[in-house]
Each structure stands twice: as structure tokens, then as C-alpha cells.
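**Q** Here is what each chain is made of, one letter per residue.
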Amino acid sequence: MKIRASRSDNTKRFIIFLTIGIALLFIAGALTLVFGANTMSPKTVFDSLFSFNESDYDQVIVRNMRLPRLIADIIVGVSLSVAGAIMQGTTKNPMADSGIMGISSGATLGVVVVLAFIPGAGRFEKMGVSALGAGLVTLLIYTIAFVGKGRITSDRMVLSGMAISTLLSSVTTAIILKFGLMNQMIRYTSGSSANTIWKDVFVALPFFSSGLIVSLIISRSLTVMNLGEEVSRSLGANVAVTRTLSTIVVLVLSAVAVIIIGPVGYIGLMIPYIARYMVGTDYRLVLPVCAVYGGAFVVIVDFVARLIHPGMEYPIGILITIIGVPFFIYVSRKQEGDRFYD
Amino acid sequence: MRKFCALLALIITLGCGALLAGCSETEAEVAVDENFPALVDTRGTEVKMNTVFTLKGNEVTYNMNTRRIVCVFGSQDVVAFGVKLLAYESSTETTGYESFYEGATKLQDGQPFSEEEILSFDPELIFVNQNMSNDNIETLNKIAPTIPLYTDSDDFSVRLNYIGSILGLEESARTLIEYADGLKDKMLAEMRSYGLQDKTLTIFTYLGNISIVPERGWFMNTIIYDYLGVKRLDNVREFMQDESGSVYEPISAENLRNYEGDLVMFAGFGEKKITTYVSENEGWKMLKAVKEDRVGVIDLTPYAQKGVILLYNQYYQIMQALKTAAKITD
Chain S
1 MKIRASRSDN TKRFIIFLTI GIALLFIAGA LTLVFGANTM SPKTVFDSLF SFNESDYDQV
61 IVRNMRLPRL IADIIVGVSL SVAGAIMQGT TKNPMADSGI MGISSGATLG VVVVLAFIPG
121 AGRFEKMGVS ALGAGLVTLL IYTIAFVGKG RITSDRMVLS GMAISTLLSS VTTAIILKFG
181 LMNQMIRYTS GSSANTIWKD VFVALPFFSS GLIVSLIISR SLTVMNLGEE VSRSLGANVA
241 VTRTLSTIVV LVLSAVAVII IGPVGYIGLM IPYIARYMVG TDYRLVLPVC AVYGGAFVVI
301 VDFVARLIHP GMEYPIGILI TIIGVPFFIY VSRKQEGDRF YD
Chain A
1001 MRKFCALLAL IITLGCGALL AGCSETEAEV AVDENFPALV DTRGTEVKMN TVFTLKGNEV
1061 TYNMNTRRIV CVFGSQDVVA FGVKLLAYES STETTGYESF YEGATKLQDG QPFSEEEILS
1121 FDPELIFVNQ NMSNDNIETL NKIAPTIPLY TDSDDFSVRL NYIGSILGLE ESARTLIEYA
1181 DGLKDKMLAE MRSYGLQDKT LTIFTYLGNI SIVPERGWFM NTIIYDYLGV KRLDNVREFM
1241 QDESGSVYEP ISAENLRNYE GDLVMFAGFG EKKITTYVSE NEGWKMLKAV KEDRVGVIDL
1301 TPYAQKGVIL LYNQYYQIMQ ALKTAAKITD
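Top line first, the protein sequences correspond to chains S and A. Just so you know, we're using my numbering here: the first sequence kicks off at 1 and counts up by one. Just so you know, we're using my numbering here: the second sequence kicks off at 1001 and counts up by one.
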């Protein structure tokens, strides 16, 4: 009876928070279309969306600069939040995040390798090699975590991920300097969606949509997995398949985010943490809330970044790190006395 | 498992090594002036001691006729006198200027120098940057007399006369100054013949985002806006001279159009092409010059240094880019 009441309560909270999140995302999205280097009238925004005139410069700004940027921000926010939630679920560590654990660094290294050795490569190639880089890092993290006495622990995984992240950042920097890729890579390392064009969005969309759909499909299995491997097996869940699929989803979503905006950390740490606070640990509820609030968060941060010095562009990666680091410290301190899911 | 990990670590290490080793440096395209005055070192071989007060105010005594010279800075002016160096600064790219640097060794350490490396050349005179700290100059003074050369001055008569007086090659200095002035006059006349002197010019660049090349640090701006007298929009000048914000401050794609002059150039870092991120940028595509396919492209790298031997190529590259920007064909 108590369990049923709790589930019903969580569902109510889910509906309320999801509605608030969608409203927030909608308002923030509308604001980013109206305000920017120059303020547009709502009519201009409306016309650019529904009766586009490509000879009208203001409409071009809204349609070809602000709209793809808005969608890119949403894609990045959703991708990193959902990937973070899945990683935290599978590792049972609230500090797991694709940025902190080095997966984004692997994806960035993939992009650098493409730029260095295949300068004419298109966005699809970059996406593929970026995902491959992320995959190799994941393999490396698991391998290092396996070494030594005892079983894999989530703490060991996070620590090995952080060490690998530092190593890969150094290798990435070395390649950038050696190949003179500084000006091209600043785009990927500073974390900015300012130059997003429709092509970027169209390349990312299929990967993003697939990753998101698969994550929603495995959300129930993820919830069951959190009861422990023995229990989930007894409930008929295929732990190996769920683990494999969740790893692939994390890789794909991380690569999508890196290709669009660069290796931005902490989104995948903060948003899932807040989402679990809102709706509990049922991943069927956590993932949609993560998606909506992740998208809204990046859109809002990008909006604020544009207001810092109107007419100029500031990388949102810097703002996110300023918010993320205190959050990381808070979570790590809280984790000491409050074990996740245990 | 341990063996597997060791193997994996080895693969990664080898992979990284291969990545870093596999690069090849691209050679810059350099225009060489066949009319550059071919000067020879006319100094005697006897020891001729001289004492000067340097730009830093220190008193330095040195042998004016020494051939054992190391340039930690300023070799692009010094070699023009026909002086052969023992070693020159690590930042110098000698492609196109090989004859000036015959027999000289490129210093490996340029941050700002390696005492040990410089000592290995057993120099009798060291030229350094005017802005080098007194502590560093003091360190080098223990190896050999060290004289700072003009760094910030864009006036070649000042720069070359100073070197001429240090080495006792005043006549050579006059020849080189005449050459630099002649080159400037020739380029100015060419500019006027094209009717470009009243046009405004904006030089965009890309460093993660589209920006405008800042005024300080790039000799290209001195040549274009000071020597050749090209004009610029007020907001462009303010942007270039604004040192309150970060250098290469990213300009919103929405605002690029506000900075567009009559002529538009794009300056790349180490390459003479417009990067894909710029050409695909919606704000960039909206520029009039881009729509009319008249953007002059230039490589910024040759403008990081000043030197009389570099002048011809620097002018030449600018004129080529300006002609493209103005759609002038020879």
C-alpha cells in the first residue's frame, strides 16, 4: 500500500515537474529567439518561422542563426543529461558524468584526430570518429577499473575516468599544437553553440533521436537494474543487454554533444541529480525530466551568456563550469555520508 | 588481465607517438625581392672595442667587429647588413631567406632562451628584445655583452640606424632605410593607382569564433592602416584598439554586418584560406563582400615579426589580398 502511494505520488510530481520544465523550456526558447545581439519583434520571429522571407536580414538571423542554435542547445542539454543519468544509474555513482569520466575527452580526441589526419572530413566522419574515441575511452575505463584486487567499484571507475580525462586532454592539446589546429579546436574546447548551423543540427538529429529513443526503451530495465544484478535477473531482466545498450547510448549522446558544442562537463552531473530529487529513482520518470530540464538549462545558460556582453559571444562552457564545480563539491561531500542507492 | 592492460597501454602510447610523429610542416609561400640590396659585412677583423648605453640604460662594452653574434631577437634586421650570425631566434622562419642565414643555427629554446644553449655558441655579442626583463639581460650579460634592439618601433630608420651604429655599419643602414622607404612609396603609389586609399577595410579572422585582428602585435595593421593609409570604420578601429576585453573577442554572427567595411579581408593563422566554419557561418554569408565573392585572404603568420628582409613579402601579400578584395585584376 505504501509502495503504491509512493509511486502515485512520484507520478503526480512527474507530471507537475515535467509541465513546469516544458513551460520553462518554451519560455527560454522564445526569449532566445527574441533577444540576442539585437532585439527582434515577436512579429519578426513569427514571420521567420511561418512566412520566411530570405531577403529580410532580421528574419535570416532568427531562422538561420538563432533557431539552429536553440535546437543545438536543446540537443546538447538533453543528450548530456540523459547520458549522465544513465551513467549514474549503471555505475551507481551520482558523480558519474560523461565530462568528468573522460568520455567527452575521448570524443574530443576523436575530433582532433579527424581534423589532423583527414582535414577534409565531413560532419558524419567527425561524428563517427568522435563516437569511436568515446568508445575506446569507455573500454579503457572499464579495463583500468577491472585491474587490481576486488570487484569494479563505482569510485574506482570515476577516479580512472578522471585520470584518463586528464591524459586525453594532454594528448589532445599536444596534437592541436603539433598540427596547428588551435583556431579550429577552440570551437570544440571552449563549449559554444554560437556558430551552429542547420547542417550541424541535421547531422546530429538522427544520432540524437536514436539515442534518446533507445534510452527511453531501456529506462524500465535501468530502474530494475538498480535493485541489484541478482534481483534484476530474478525479475527476468537481461542485465548484459541493458548494460551494453546503455553504454552505446551514452557514447552516441556524448559524441553528439561534443560535435555540436565541445566537451562540456557537469550538465550530466547536475540535471540527473535534480531530476532524481524531483521524481525519485524510477528511470521511466527520471529520463524525461532530465531531458526537459537539461534542454532548458543549456538554453537558459546560453541566453545569459549572450547578455553578458551583447553583440559578442561568450562560451557557455565557462558559465556551466562556474555553476558545475560548486555542485560537484556539494555532491561529493553529500555522497560521503549518503551512499547512492545503497 | 594485467597483460591485456599492458598491451592496451602500449597500443595507446604507440598510437599517440605515431600521431605526433606523423605530421609534416607546410612550407609557406614567400615572395622574394630580387632587388633587395645585397650587402656584405664590411667590418674589419681586428678587435675594436666600443661602449654604448643600451635602450635599457645600461653601459655595455663589446667588440664592434665581432663575427660571433647570437640573435635572441631581431635577426631579420641584423642579417640584412650582410652580417653572418652564429645563431638566431627559434621563432624565425627562414624559408625564402636562406641566403641570409647561411651557416647560422636556429636556437631550439625560445622561452625566452636557454643559457646553456647560448653558451654553447661561445658568442661575443648577443642581441635581445627591448622588452626582455633586466634579470634575463643580466643573465645573458654574464655570457657575452648583451644589447637590446628596438622591438616596438615600426620606424625602420630608427631600427636600422641603431643596429648600424652598434656594428659600425652606418652606410649599410642608410642603404637599407632607402630600400624600406622606396618599397613603401612604391606600394603607396600602387594603392593610389587602384583608387583604394579612400576605401574602408575590415580584416576578420577566426579563433573559435569570428573576430577582428587586434591592432597590437600584428605588423600587418601598421603596414595597412599607417603606412598605406587605408581607412577603417570607427567601430572597427574601436574594436581593434580596445584592450579592456579579451583579445579576439568573438563577434556575434548577427552583428558581423555592422563591422563590414568597403573592403573585406580574412586573415588565417598559418594558412591562406577561409576555414569552413567561417564560410558556413550565416552572418559571414550575409556580408556584401562575401556575396560578391571579393574577400581578400591573407596569412597572419608573416606579420608576427618585423624586419627589413621581410618587408617585401609582407607588402606583396597585402597588395594581393587588397586587390582581391577590390576585385582588381592585373
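It should be emphasised that the hints constitute simulated quantities derived from the structure, not laboratory data. A hint or two may mislead.
[Said to hold, decoys possible] Using C-beta positions, here's what the derived DEER-type ranges look like: (1) S:LYS178 <-> A:THR1222: 27 to 35 Å; (2) A:LYS1288 <-> S:THR166: 30 to 38 Å; (3) S:ILE318 <-> A:THR1276: 45 to 53 Å; (4) A:ARG1237 <-> S:GLY180: 50 to 58 Å; (5) A:SER1133 <-> S:TYR57: 46 to 54 Å; (6) A:LEU1233 <-> S:LYS43: 26 to 34 Å; (7) S:GLY180 <-> A:GLU1238: 24 to 32 Å; (8) A:GLY1229 <-> S:ALA121: 19 to 27 Å; (9) A:LYS1288 <-> S:VAL304: 31 to 39 Å; (10) A:THR1200 <-> S:THR143: 33 to 41 Å; (11) S:VAL304 <-> A:ASP1152: 34 to 42 Å; (12) S:LEU307 <-> A:LYS1288: 35 to 43 Å.
Ideal Cβ placement from N, Cα and C applies to all residues, glycine included.
**Q** Is the distance from the Cβ of S:VAL304 to the Cβ of A:ASP1152 consistent with 34 to 42 Å?
**A** holds (39 Å)
**Q** Mind checking the hinted window 46 to 54 Å against the Cβ distance between A:SER1133 and S:TYR57?
**A** Check passed, 51 Å falls within 46 to 54 Å.
**Q** Given the range 50 to 58 Å, decide if the beta-carbon distance of A:ARG1237 to S:GLY180 lies inside it.
**A** 30 Å Cβ-Cβ, so the 50 to 58 Å window is violated.
**Q** Given the hint of 26 to 34 Å, check if A:LEU1233 and S:LYS43 actually sit that far apart at their C-beta atoms.
**A** Since A:LEU1233 and S:LYS43 have Cβ atoms about 30 Å apart, the given range 26 to 34 Å holds.
**Q** If you check the beta carbons of A:LYS1288 and S:VAL304, does the distance land in 31 to 39 Å?
**A** Given about 32 Å between the Cβ atoms, the range holds.
**Q** Starting from the range 33 to 41 Å, see whether the pair A:THR1200 and S:THR143 falls in it by beta-carbon distance.
**A** violated (59 Å)
**Q** For the hint 30 to 38 Å, verify it against the beta carbon of A:LYS1288 and that of S:THR166.
**A** For A:LYS1288 and S:THR166 the Cβ distance comes to about 47 Å; the hint is violated.
**Q** Is it true that S:LYS178 and A:THR1222 lie within 27 to 35 Å of each other by Cβ?
**A** Given range 27 to 35 Å: holds, Cβ gap about 31 Å.
**Q** Is it true that the C-beta distance of S:ILE318 to A:THR1276 lies inside 45 to 53 Å, as the hint says?
**A** violated (25 Å)
**Q** Taking the beta carbons of S:LEU307 and A:LYS1288, is their distance inside 35 to 43 Å?
**A** violated (29 Å)
**Q** Does the Cβ distance between A:GLY1229 and S:ALA121 fall inside 19 to 27 Å?
**A** Violated, at about 43 Å.
**Q** Is 24 to 32 Å right for how far apart the beta carbons of S:GLY180 and A:GLU1238 are?
**A** holds (30 Å)
The structure fails to meet hints 2, 3, 4, 8, 10 and 12 from the earlier list, while all remaining hints are met.
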